[in-house]
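Here the structure of chain A is known, so what remains is to put chain B in place on it, guided by the hints.
Going line by line, the protein sequences match chains A and B. Under this note's numbering, the first residue of the first sequence is numbered 1, with each subsequent residue one higher. Under this note's numbering, the first residue of the second sequence is numbered 1001, with each subsequent residue one higher.
Since the hints were made in silico from the structure, they are not lab data. Every value quoted in this text rests on a predicted model; they were computed, and no experiment measured them. The beta-carbon is built from N, C-alpha and C at its ideal position, and this holds for glycine as well. Don't take each hint at face value.
[Said to hold, decoys possible] Some chain B residues near chain A, calculated using beta-carbon distances under 7 angstroms: (1) 1042; (2) 1043; (3) 1044; (4) 1102; (5) 1105; (6) 1107.
[Unchecked claim] In silico DSBU-like cross-links for lysine-lysine, where the CA-CA straight-line distance does not exceed 35 angstroms: (7) B:1069 / A:36; (8) B:1114 / A:41; (9) B:1102 / A:40; (10) A:18 / A:41; (11) B:1058 / A:36; (12) B:1049 / B:1069; (13) A:18 / A:40; (14) A:40 / A:52; (15) B:1069 / A:22; (16) B:1102 / A:52; (17) A:40 / B:1058; (18) A:19 / B:1102; (19) B:1058 / B:1102; (20) B:1069 / A:40; (21) A:18 / A:52; (22) B:1049 / A:36; (23) A:52 / A:22; (24) B:1114 / A:36; (25) A:36 / A:19; (26) B:1102 / A:36; (27) B:1049 / A:41; (28) B:1069 / A:18; (29) B:1058 / B:1069; (30) A:40 / B:1114; (31) A:52 / A:36; (32) A:41 / B:1069; (33) A:52 / B:1114; (34) B:1114 / A:19; (35) B:1058 / A:41; (36) A:40 / A:19; (37) A:52 / B:1049; (38) B:1102 / A:22; (39) A:41 / B:1102; (40) A:40 / A:22.
Spelled out, the chains give:
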Amino acid sequence: ETGVTQTPRHLVMGMTNKKSLKCEQHLGHNAMYWYKQSAKKPLELMFVYNFKEQTENNSVPSRFSPECPNSSHLFLHLHTLQPEDSALYLCASSQDQGRETQYFGPGTRLLVL
Amino acid sequence: AQSVTQLDSQVPVFEEAPVELRCNYSSSVSVYLFWYVQYPNQGLQLLLKYLSGSTLVKGINGFEAEFNKSQTSFHLRKPSVHISDTAEYFCAVSLGPGNTGKLIFGQGTTLQVKP
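Bound conformation, chain B alone:
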C-alpha cells in the first residue's frame, strides 16, 4: 500500500530565508507526486506535480520540488520565502496510469514565515 510521510509538522522560518519541506513516500509501483497548499479558510491549491520526465519540477509562487526515486522523496523548496507563504502544505501521491484517482496525502506541514 502507498503511504506518505511529511517529516516536519511545523517549519518556522524568517522572511527571505530559504525553506525545504520534506516528503517521503512508499510505493511498490510508479506514482504521481503532488504538492498542494492550503491557506487559512480555503481549499487546497495545486503547487506543482511530478508525472514523469525531468526530476526537478517548478511550480507556482517560486516553489520547486525534486523527485528522488532512490530515496523515495519529493522535497519542496523555495529559495526566499514571503510572509504570504504562511500556510499548510500537503504532499500527496497517486498511482500511475490507469489508477483509480485516489490521492493519498501526508499529514501536512505548517510553514510559519516570520518577519
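If we strip away everything but chain A, and leave its shape as in the complex, we get:
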C-alpha cells in the first residue's frame, strides 16, 4: 500500500466515548501532521511531529491527544469530545518538517453526538 492511509474512514461517537484515529504513511517521511477540516472553514493545523517529536501544538484542546510512536504512524486519541468537534480529520506527511510538499491521507469523517 502506498501513500498516506487513515482509519477508520468514518466514526460516530458519543461525548463520553474514547476513540482513536490512526494514520500511517508509506513514503519514508519524517514529519507528520494532523489537520481539522470543518464545513465553511479553512483547514486548521492541529499538531506537527518531526522525527517522532511533537514540534507544534496549535492551541488544541486537551481532549485531543496525539501520539507518534514512530515516523510512520500517527494517532489522535479522542475523549469527551463536543459536537463542535465533528469534522474531517486529515493526516499528512512530508520528508522533513519544513519541506515544502505535504501528502495527505483521505481523512476520517468524525461525528460527535
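Coordinates of chain B only, in the frame set by chain A:
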C-alpha cells in the same frame, strides 16, 4: 502573520470552457505557494507548487498557476475543463526555507463543471 484569501467560494463553468480560480495571500516574508484539489470523500492532492524561479508553474491535469509578487496573487487556470475537474480547490502558503512546515489554507473554491 500570513493569510490566504480565495476570492470565490463557488465557480460554475461549462465543460470545455476556461476557468480561473483566484488566490491572494499576505505575507511579509517570502513564501511557498500551493494549490491542492479535494475530490468528494477524498483527501487533498497536490496540483502544483511555486517555490522559486519561473513564475508560471505547470501542474497535473492540465492546470497551471502564475505567481505575481507585486499583486501577491497565485491564480489557478485551466484552458478547458472537464466534468472530472469538479472538486474543491485550496490555495495554501507556507513560509520559506527553515519554516515550521505550517501550511495556511484559504477557505476553498468549489469548481462546478456543467455539461
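Quiz item: So which of those numbered hints doesn't the model satisfy?
Solution: Violated hints: 15, 28, 33, 34; rest satisfied.
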